[in-house]
Amino acid sequence: MRIFKLLLLTLGLSLVCQSCGFYSFNGISIDSNIETFQVNFFQNEAAIVEPGIDRQFTFALQDLIQDQTNLSLVNNGGELLYEGEITEYRITPMTATADQRAAQNRLTISVMVRFSNKNKEDDDFERRFSFYHDYPANEQMTGSRLTTALDEIFTRITQDVFNESLAKW
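If you're matching positions, the sequence shown starts at 182 in the working numbering and goes up one per residue.
None of these hints come from the bench; they were simulated from the model. Built from N, CA and C at the ideal position, the CB exists for glycine as well. Heads up, some of the hints might be wrong.
Ranges between beta-carbon positions, derived for each pair [as the list claims (entries may be wrong)]:
| id | residue 1 | residue 2 | range |
| --- | --- | --- | --- |
| 1 | E226 | Q321 | 21 to 29 Å |
| 2 | D304 | T276 | 39 to 47 Å |
| 3 | Q224 | S253 | 23 to 31 Å |
| 4 | D280 | V255 | 53 to 61 Å |
| 5 | N214 | R295 | 34 to 42 Å |
| 6 | D315 | N257 | 33 to 41 Å |
| 7 | R337 | P232 | 20 to 28 Å |
| 8 | Q281 | D212 | 51 to 59 Å |
| 9 | Q285 | L254 | 37 to 45 Å |
Produce the entire structure from the sequences given, and follow the hints as far as they go.
In structure tokens form, the structure reads like this:
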């Protein structure tokens with residue numbers, strides 16, 4: 182009798198989850214009829230252009246969506262469409278030493294994202310996402326320091342974009 186109740190409960194839960202489309206325990210809710218997504222190239226339109234970050238951000242967003250969903254990446258005609266541009270790449274001093282020199286700098290990157298869901302237009306949005314990385318002022322933003330900063334910033338921004346578009350918390 183106990184096994185029968187457990188089986189009935191499992192069946193009931195699976196029907197509830199399936200009736201609302203695709204649902205996973207990480208909070209992603211995607212209609213079952215959506216199978217594809219498209220990420221257009223995010224052009225770097227910031228006043229300071231760091232070569233390659235546009236390509237790196239585009240790939241980071243594609244990789245995150247592929248890793249966390251079962252959707253297929255397509256070059257055109259995607260049911261979910263991500264597009265936009267990098268609008269800010271800025272380094273600013275954050276803290277000063279006693280002799281008025283910068284002790285710490287902050288790299289800030291902002292990305293304007295336009296999201297469209299062809300099957301549910303109420304989910305569409307256009308929003309600016311931004312994050313930063315602080316580093317010692319005596320270091321240059323090049324090489325491994327730049328790689329570390331971009332990884333940290335893009336991880337946060339892409340997760341924020343993903344949460345806003347697919348994880349309806």
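Against the structure, the hints:
no.	hint	result
1	E226 - Q321: 21 to 29 Å	24 Å, holds
2	D304 - T276: 39 to 47 Å	41 Å, holds
3	Q224 - S253: 23 to 31 Å	24 Å, holds
4	D280 - V255: 53 to 61 Å	56 Å, holds
5	N214 - R295: 34 to 42 Å	22 Å, violated
6	D315 - N257: 33 to 41 Å	39 Å, holds
7	R337 - P232: 20 to 28 Å	22 Å, holds
8	Q281 - D212: 51 to 59 Å	57 Å, holds
9	Q285 - L254: 37 to 45 Å	38 Å, holds
The structure is inconsistent with hint 5 alone, although it conforms to all the rest.
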